[in-house]
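**Q** Note that the UniProt record's numbering has the sequence shown beginning at 1, numbered continuously upward.
For the record, the hints were derived by calculation from the structure and aren't laboratory data.
No residue lacks a Cβ here, since even glycine has one placed at the ideal position from N, Cα and C.
Heads up, none of these hints are tricks.
Computed cross-link-like contacts, DSSO-like style, restricted to lysine-lysine with a CA-CA straight-line distance of at most 27 Å:
| hint | residue 1 | residue 2 |
| --- | --- | --- |
| 1 | Lys-3 | Lys-35 |
| 2 | Lys-35 | Lys-13 |
| 3 | Lys-13 | Lys-68 |
| 4 | Lys-35 | Lys-68 |
| 5 | Lys-3 | Lys-64 |
Per label pair, the in silico range of CB-to-CB distance:
| hint | residue 1 | residue 2 | range |
| --- | --- | --- | --- |
| 6 | Thr-58 | Thr-32 | 16 to 24 Å |
| 7 | Lys-68 | Glu-42 | 19 to 27 Å |
| 8 | His-62 | Glu-42 | 16 to 24 Å |
| 9 | Ser-55 | Asn-2 | 16 to 24 Å |
| 10 | Asn-2 | Lys-68 | 31 to 39 Å |
| 11 | Ile-5 | Gln-69 | 27 to 35 Å |
| 12 | Ser-70 | Lys-3 | 27 to 35 Å |
| 13 | Glu-65 | Glu-10 | 16 to 24 Å |
| 14 | Ile-5 | Lys-35 | 13 to 21 Å |
| 15 | Lys-3 | Lys-68 | 26 to 34 Å |
| 16 | Lys-6 | Phe-34 | 18 to 26 Å |
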Amino acid sequence: MNKSIKRLEELNKILDIVGTKSDTMAKIEKQTIFKTLEDVREIMNEELALSSNYSIITRITHIKELLKQSEKFR
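Model the full assembly from the supplied sequences, consistent with the hints where possible.
**A** Take a look at the structure:
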């Protein structure tokens, strides 16, 4: 379980970095974000991650939605 928490913390750092970039940079980092989403889905299968790290998962979902919206305007 500690491994899952550590991985979620790493993913959160990635989101902090990506969240500060322009749309162009976000597009370049898009693959990283979607890989991050896949990782979180795996982690969500663990009860601890689902309950105690909900805010990180919510942030990732929000960024995914922003990316979808930005794709519509390209």
